[in-house]
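J.: Letter by letter, the chains look like this.
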Amino acid sequence: MDVLIHHIIGKYNYWLYTILMMIGLYAMIAKNNLIKKLVGMNIFQTAIILFYVSIACKKGATIPIIEEHGGSVAGHAIRVADYINPLPHVLMLTAIVVSVSTFGVALALAVKIYQKYKTLEEDEILMRLRDK
Amino acid sequence: MIPQLDIIILTLVIVCAIAAISVKDLLGCAILFGAYSFMMCLLWAVMGSVDVAFTEASVGAGVSTVFFVAAVFRTTRRTKD
Amino acid sequence: MKKIGLIIVCLSGALLLYATQDFPRWGDPNSPASTHVSPRYIQKSLEETDVPNLVTSILADYRGYDTMFETTVIFAAGLSCFILLRAFKKKEDDLYYRHISTGITLHIKGDKTIPASSKEFERIDTMWTPYDLIIKTVCRFLVPFIQIFALYVLAHGHESPGGGFQGGVIFGASFIVIAIAFDLRTALIRFKEKMDGLLSALGVFIYAGLGALCLLLGGNFLNYKELATILPMDPVEARAYGILGVEIGVFIAVMAVMLSIYVNIVSEGRHDEGL
Numbered sequence: 000m001d002v003l004i005h006h007i008i009g010k011y012n013y014w015l016y017t018i019l020m021m022i023g024l025y026a027m028i029a030k031n032n033l034i035k036k037l038v039g040m041n042i043f044q045t046a047i048i049l050f051y052v053s054i055a056c057k058k059g060a061t062i063p064i065i066e067e068h069g070g071s072v073a074g075h076a077i078r079v080a081d082y083i084n085p086l087p088h089v090l091m092l093t094a095i096v097v098s099v100s101t102f103g104v105a106l107a108l109a110v111k112i113y114q115k116y117k118t119l120e121e122d123e124i125l126m127r128l129r130d131k
Numbered sequence: 000m001i002p003q004l005d006i007i008i009l010t011l012v013i014v015c016a017i018a019a020i021s022v023k024d025l026l027g028c029a030i031l032f033g034a035y036s037f038m039m040c041l042l043w044a045v046m047g048s049v050d051v052a053f054t055e056a057s058v059g060a061g062v063s064t065v066f067f068v069a070a071v072f073r074t075t076r077r078t079k080d
Numbered sequence: 000m001k002k003i004g005l006i007i008v009c010l011s012g013a014l015l016l017y018a019t020q021d022f023p024r025w026g027d028p029n030s031p032a033s034t035h036v037s038p039r040y041i042q043k044s045l046e047e048t049d050v051p052n053l054v055t056s057i058l059a060d061y062r063g064y065d066t067m068f069e070t071t072v073i074f075a076a077g078l079s080c081f082i083l084l085r086a087f088k089k090k091e092d093d094l095y096y097r098h099i100s101t102g103i104t105l106h107i108k109g110d111k112t113i114p115a116s117s118k119e120f121e122r123i124d125t126m127w128t129p130y131d132l133i134i135k136t137v138c139r140f141l142v143p144f145i146q147i148f149a150l151y152v153l154a155h156g157h158e159s160p161g162g163g164f165q166g167g168v169i170f171g172a173s174f175i176v177i178a179i180a181f182d183l184r185t186a187l188i189r190f191k192e193k194m195d196g197l198l199s200a201l202g203v204f205i206y207a208g209l210g211a212l213c214l215l216l217g218g219n220f221l222n223y224k225e226l227a228t229i230l231p232m233d234p235v236e237a238r239a240y241g242i243l244g245v246e247i248g249v250f251i252a253v254m255a256v257m258l259s260i261y262v263n264i265v266s267e268g269r270h271d272e273g274l
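Protein chains in written order, with numbering that gives the first Met the number 0: chain A, 0 to 131; chain B, 0 to 80; chain C, 0 to 274.
Misleading hints may appear alongside valid ones.
[To be verified] Listed below are the simulated DSSO-like cross-link pairs for lysine-lysine, each with C-alpha atoms no more than 30 angstroms apart in a straight line:
1) K43(C) with K111(A)
2) K193(C) with K23(B)
3) K10(A) with K23(B)
4) K79(B) with K36(A)
5) K111(A) with K193(C)
6) K36(A) with K43(C)
[What the hints assert, rightly or not] Rough simulated footprint, nothing fancy, chain A against chain B, three-plus residues with beta-carbon under 8 angstroms:
7) 7-17
8) 29-41
9) 50-61
10) 65-75
Worth flagging that the hints you see were computed from the coordinates, not collected in a lab. Every residue gets a Cβ at the ideal spot worked out from N, C-alpha and C, and that includes glycine.
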């Protein structure tokens, strides 16, 4: 019972991130509409970004913008435990940019598919492909 | 990093995500997706990453929703599942 | 398909949850993510680059190579949307023009060429856009402030959250606001397609060009302290100005690409009307 509490309650944040990722993955696999699949892909991507950002937190630390500024920096050494880890933030900025670029190109592809097959449901598209 | 705010916003995020993939109207899906992006931005701001939250607010809740609505305008609004 | 999807999702979820049992507690300052490289960035960034915002200095200076390719990804996305969707009109349909001061309408048939925009003649469209006074007036007031805010976000990326990418998206969004409140052709008159393509390539060129300039001045690629030989400042300040130059490149590329993707999606490549 103690072990159960430690494993579930102690790490509840990882449970919630995993649930969010799995919602996205389920939408990508099981939905028929192409745009719903895209929404699932984006949910998956933002859930992973959430996971990385949560790794960067430190208890009692502040945002990664250094407050002392100018000539007085040499006097006070910057304490590392005062600022949260900025490295996952940088990586996730690139991830967000790539995510919006992929989303734009995927929507352009969906518009093109609709122009040709007049539908966005995956099974109807497969049927029309087989008929041709 | 305030735990109560964290739990409320996380619950809202999961509710928005499940709703966004379940509605049968693609325009409603677009608006719920914008709400999901905005809730994520709040979550990251509460966790202290202000740059990532700024980017997600401008990109996810701004430009990405506009692209989505533009694509729904050019294709169809109805979906079967 | 849904049952298979559910089984796969449950299995992967269980696997991921089993793997997270070893992860550190939330908010632990001694976790492995916070103890290897990032203490050096936190301690040395202000004295080496004179930029208080750690995320900007890591993004544009310490990990500048990644950001260069991220800008290239944005450019490639804009290019792909253009290639996929752009449909140039093969033959002109009949055009209708109206002379503004007298109200006489002209009907021009076939393939005569007409100048694209003229002050005395306005084009009567087959697709009618509704006229809404409140939205147009509010948009006309708001757009300069949105653009000034975008430039502010770019310029203050060193001290507050922001930087090139966020500012570029906001600036591009101001043009999208014009395209939605008025009609698409109004936005395209102010920001022509050729200028759009040129600017998106210019942004990547500024970034890579600054790196190559540092290479020509004798240092490594994207090592901004070599710029101190041509600019009248010490190497630490030269790095801050190198970061600013690079962010300007990202700003220009992102602004052009955001508008280009929107215009291509909403008009299906024809650039006539939409939303």
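J.: Decide, hint by hint, whether the structure agrees.
T.: Against the structure, the hints:
no., hint, verdict
1, K43(C) with K111(A), "violated (50 angstroms)"
2, K193(C) with K23(B), "violated (40 angstroms)"
3, K10(A) with K23(B), "violated (35 angstroms)"
4, K79(B) with K36(A), "holds (13 angstroms)"
5, K111(A) with K193(C), "holds (23 angstroms)"
6, K36(A) with K43(C), "violated (44 angstroms)"
7, 7-17, "holds (count 5)"
8, 29-41, "holds (count 4)"
9, 50-61, "holds (count 6)"
10, 65-75, "holds (count 8)"
Hint compliance for this structure: hints 1, 2, 3, 6 are not met, and every other hint is.
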